[in-house]
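Undergrad: Residue numbers (full-length UniProt numbering), protein chains in the order written: chain U, 1 to 1045; chain A, 1 to 480.
Hints in this document: simulated from the structure, not taken from any laboratory.
There are no misleading hints in this set.
Cross-link-like lysine-lysine pairs, in silico, PhoX-like; alpha carbons within 25 angstroms at most: (1) U/Lys279 - A/Lys343; (2) U/Lys122 - U/Lys238; (3) U/Lys112 - U/Lys46; (4) U/Lys594 - U/Lys49; (5) U/Lys363 - U/Lys63; (6) A/Lys472 - U/Lys872.
Reference excerpt, derived from the structure (chain U facing chain A, CB under 7 angstroms, subset only): (7) Phe669; (8) Gly673; (9) Gly679.
These figures come from a predicted structure and were not determined experimentally.
We put the CB at the ideal spot given by N, CA and C, even for glycine.
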Amino acid sequence: MRLKLKWVFSLLLAISMQFSFAQETTVSGVVSDASGPIPGANVVVKGSKNGVQTDFDGKYSIKAKVGDVLVASFVGMQDVTVKVGTSNTVNFKLQDGSVLEEVVVVGYGTQKRRDVNGAIAKIDGSRIKDIPVQSFDQALSGAASGVNVSQPNGVLGNQAVIRIRGVNSINLSSYPLIVIDGVPSWNGDNLNQSNAVNNPLANINQADIESIEVLKDASSAAIYGSRAAAGVILITTKKGKAGKFSVNFDSSLSFTSPFNLIPLLNAQQFTDIKNEGLKNAGTPANGTTRGFYTMNDANGNLVDTNWNDIIYRTGAATNHSLSISGGNENTKYFLSAGQLEQEGMFVNNSFRRQTGRFTLDQKVNKWLTLGGTFNYTNSRNNGLSTGSTAGNNFASSGAARLAFAQAPNVGPYNNDGTYNLAPTQIGQGNNLSPLQWVNPQYILDTNTFLSKNDHFISNFYIGVKLAKGLNFKSLYGIDNLLVENIDFLGPLNGDGQQFSGSATNTMNRYSRKSIQNILDYSVRLSDKHDLSALLGSERQYTKIESWGASRRGVSDPFFNEYQGNFSAIVASGNLLTENYLESYFGRVNYDYNKKYFASINARRDGFSAFAPDNKWGNFWGGSLGWALTEENFFRNLVSSDIVNQLRLRASYGVVGNNQGLNDFAASSFYDAGVNGTSGSLFFNRAGNQNLTWETSNKTDFGINFGLFNDRLTGELGYYKNDIDGLILSVPQSASAGIPGNSILANVGSMRNTGYEVTLNAKIIDKGNFKWNASVNVTTQKNVVTSLDANNSDIIVATQLENTNIIRVGESIGNFYIVQTGGVNPANGRRIFYYRDGTAVQYDHSNPVTASRWTKVSDGTVTRAANQALDAKVMGPALPTYFGGLDNTFTYKGFSLNFSLYFSGGNYVYNGTQAGLRDQRVWNNSAEVLTRWQNPGDITAIPRIVFGDNVSNGSSMPISDNLEKGDFMKVRNIAFGYSLPQSLLSKLKLTSFRFYVSAQNVFTFTNYSGFDPEISSNGNANGSPSVDRNSAPMARTISMGFNLGL
Amino acid sequence: MKNLYLMLIAALVIVSCSDTDSLNPVNQTRISDATAFATPQRVGQLVLGMYSGVKVGNFYGGRFLNYQDVRGPEFNNERNNGVTNLFTWNFGVQSSTNEVQNFWSAAYTAINRCNVVIGGLETSPITPELKTTFTAEARFLRALSYYSLLTLYAKPYTQDNGASLGVPLRLVAETSGGNNDLVRSSVADVYKQVIDDLNFAELNLPLTNTTAFNNTTRAHRNTAIALKTRVYLSMGKYPEVITEANKIVSSTAPFTATSGVSNAMVPTIQAAFASAAVTVENVFSFPYGPNDLQGTQNGLVHYYNASSVGGSEYSLAPTSITANTGWKTSDSRRNFNVVLLGKTWLHKWTKSQSDPDFVPVIRYSEILLNLSEALTRSSNSLDARAIQLLNAVRGRSDATTVFTSASFTNVQALLDQIAIERRIELLGEGFSSPDIMRLKQNFPAKGLAPSVSTTDTQYLWPIPLNELLYNKLAVQNPGH
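Using the sequences provided together with the hints, build the complete structure.
TA: This is how it looks when you write it as structure tokens:
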């Protein structure tokens, strides 16, 4: 290659000398970078239409006059300009682009970073490619300012909670719009979820992602109009590149296990503690009708079951993906296949994904380009009831709670190998007092939850060059997801018992098509005025069709499939709904001499869910920018060696939110039911014809800077989202009998404000050794400014327990909890406070229920403390700051990266602790051994009284379970080694990298539960930071290689 | 030229006309409010929809009946679970307690369904006769709902002749927001409406609904009369109880209804609790089936049954009526009491929650006992027919016990025996608390639950928080 180049070069040199006196001549040469010639680079004569592309060997030739200026450019590289002199050969050596030359994907197009005026964060696909997670969203935490991505727990495939610049709705979705290659995609919130968690975003192979752009402010997001209030995430998948034929193979092996499990009582300790509780309750174990007793197995050994060992495991995973990409000036292609098989930390929790992707771009002639992408994914989620998804926190078969609550002095099996079962729970063993929980082993072995996906994401486009700078593009995209949910519940214990066993199959078809037509015009009006404009329309049809049935009463234990033999069948999971969004949008970008920037985006959306008079809404966003470093006065003040770029920006706009709204939200309906066996019909929904979008008024100010030739770059930002017209269920007096006692209306308002700081530094760049670091910090402050006409509080439940409140003047979802004051050293009782501050204490051992509550001051009997009368608003529940810290060290072929994610300023309600200390027949955490026993004991654990479900927070949430939620987590550490070029050429490879990495390595926190990042309520807006019976986090250790041909 | 042409096409594509059909989709699975009453078939289903409203899990589907029973002395709470009516059992409810809010909501949702149907019938394409019949069914169900509300949220009529606050009287359909504020009518006014509704129902309901199933699961004339005997008994208006009961109880044994549906007791009580029982004894029951469930932790089988179909929530207290020595072991009603795990459980309901038992609301034996008590109280004597009625109920299950006037030393002794018979015969069917309250008695203590006197705050339930918050005219019950 090098030899050939030299030869070409010499030849060109010779030619150029011969014709050097010509007036207009052909200039030619090679465009290259540090690694060699660049095919597909552009070379243009500045100020003319005249431009060419380099060929496969990086060569070009162009007609030019002496004195013309040639500009060579390539994506991601800095432009190089050369004045044509007497020589006919001009070679260009391009260097890696400054940050400003980076290409950023924006709504319906791309821009150079230099021209971007809005707040857009870009995350490169390579950054998340090798992180051992099931879906890309899980890999984004700490990656960008203003974007808080947290993982609710370690259940495989659980969708990450993503909040862009705060919680942006109460009742609708605060989840951003996810757009994959131009077509809005499905996310887990759209799906009819079973216990097998199904996140459609996991159907995208991470290795196929080129970049992820997050549109944060109105200026960048307004082009998505009515869906932009919670921000927009644009996923761009990989495409072929001209000339660069390459084959990449990635493979990895990983192991996942739970971490920070809480130590529990063993069989003997459990037996002793529960008997102590019985004794303290005045009903001591008597050997005949009451009491707890250990048992021995067939070999005479004590039965001492650690249910954690039965429910959790170390799961193994393999991930392979292969891609081929390449092309020439006219044809570019990318083809990939992937296979992921992953076992979760829960027994029976697994995920398998097979992906295939093909992208083709074909230039047909000078004015016509055709292309498209076809992506097919087949995935299988095998799940179980974990009690870790929103609304299932108290599931009685929830494995996470069973693991710590089930009695350790009985085992999963009887001596004869059969399951240890009683009619409605686990078998008693030698215990005389009845046990409560189901046998986890039976549940794990028998109950199955399977969610299978067939996911097609495809688009086809036609690009037409109408005139210079004027392009038309028409795109037709589909995103069709077929989900088959297959559940079986065994008849003998647990959730299936009430049905004598049930098998439920549902078929769910989520189909979406999008048709976009875009006219794009860009023009350089003179040397100094750049103008680009875009005009487009979009139609998006969405339909969900689900149907299924549940067969009940299994005739024989052999049957565990829907097709087996059952005695009854009922309909299950039926849904048929659709919506349509019709939109017209436009954008104008203008800059003067790359110094002053202005842009405006606007969109008009018509949405089917609203009443005829309220279907249409207008949204817009505008921005201004000023590149100070282009100003002479600034240049005179500060050297460009110190400040190489400095830019101020400001934007404002109004966008909307309809995400998560029912497709027929404005209408009133009668619903059909069954009365015995006959059909019935009844008024079941009061609609509201005045319903319309929630609107978000977004203000953004920012400073982008680059210092010391981009050695230190960064961004400072301020944001304010004023959200109006929040759609709330406005409560009606219950006696009005309105179904659900509420009607939706646009009534509430809320504000998010905060600051963002991002710094990227090339700290050390000395030959072989490099240290790059980036840090981002975001602050967020939320305040609810109005609710319904009465500003009625909205109490938000964690399934059965009211934990949070939405109250005017408070941050959304603050806690609503009864204040407690630890354990009274005098008598071992939990101290509670009435709202007026009166200290009262609870003694479960008093046989008269009415006398259990007494005043601490004088011991007189008093009323029970309760949430309705005594709860106080505590918080904040939302973190007040969060961010990430990313460090990469490279030395020769070695690289070490560690990513930290941190969050804090908030509290977490550790409701799991209430369960771990509950004094019913539940097992307890080992800390219960430090219980109060004698007057004067100072301890966090009250006197043990059997049956006590009040003192530790099971009957109402108490502030002794509220803990600070500050943490810093080592999210990922990766150590890799890339083979040197010399060795690669011998092996005929272009690249080879081997790495080991660990995900969720360690959490620095004072939180006493599993992990302060846990969120039992997932994406719910109003109940953040509640840890209630949720699974712990998973730690994954992974090793793998990337191979390039 | 070519470019101009293409540009025109592009511009046309972008602004091509709006897809108005897609912007106005029709919901394929729900009936629009505009057409709900458009066909006779829909109207027929809307009538059944009213029944569905009263029989939801939070109301007659199970929970409401369980509240009425666990307030009384018969049951012990076994699960200590706040979700399954613990605070009703131990008299610890507050205005925000689930039971207090959910029952109120369920009853008013059912009432609104009745009002919606009454209003919608006017424009529906059915005969005037059918409109009247359906209105009568609506008013019967509305009366049942209002009566049920009074039993928990308002002072018994007998305490002050209904002078205290009852519940808001909603008689007009509510289909959009706004009408939140409405005062609580007096107990007397609500009873007056209940009686008006039942009188209308008696006049306009059919004499028979032709099939056994419909004679049990839908209101006919005798159903309205039967409910009136219960309502008047609650009001302490014993002559009216006698007047109403005499319309459907023959003057001598064997006691049967002599007009309309020939309601009577069946030979064994077990037959009235058989699977999907629609005997002549089952004057009124709510039907269920595999596609019509009460919901998790709502059904009676869940509360009382301790076998694998049940949830073992409440056992029969050792001090309950089961301890009554006059209730002989040979009495076939004792067969419902099953001993498991050292405790006694009421197994009147035995079917799986995935295909539940019908819920009995009015059985013929209740009417006989209503009449027996009214005759005794009204005449203040050892009324012979009253004793015959008592014997009819007792004798069906225990032929060896026959009461005569000699069995009773005084009138109170007869009344006590009738009360005992009600506790035995109607055990677990929702009569415990109303019977105590209408007679101005105290709730006795049981297990760890305290006794509650007529003057205690907890004697009545509080008006729920979700009413007080949004109905500015609603007033809380004293003490709550």
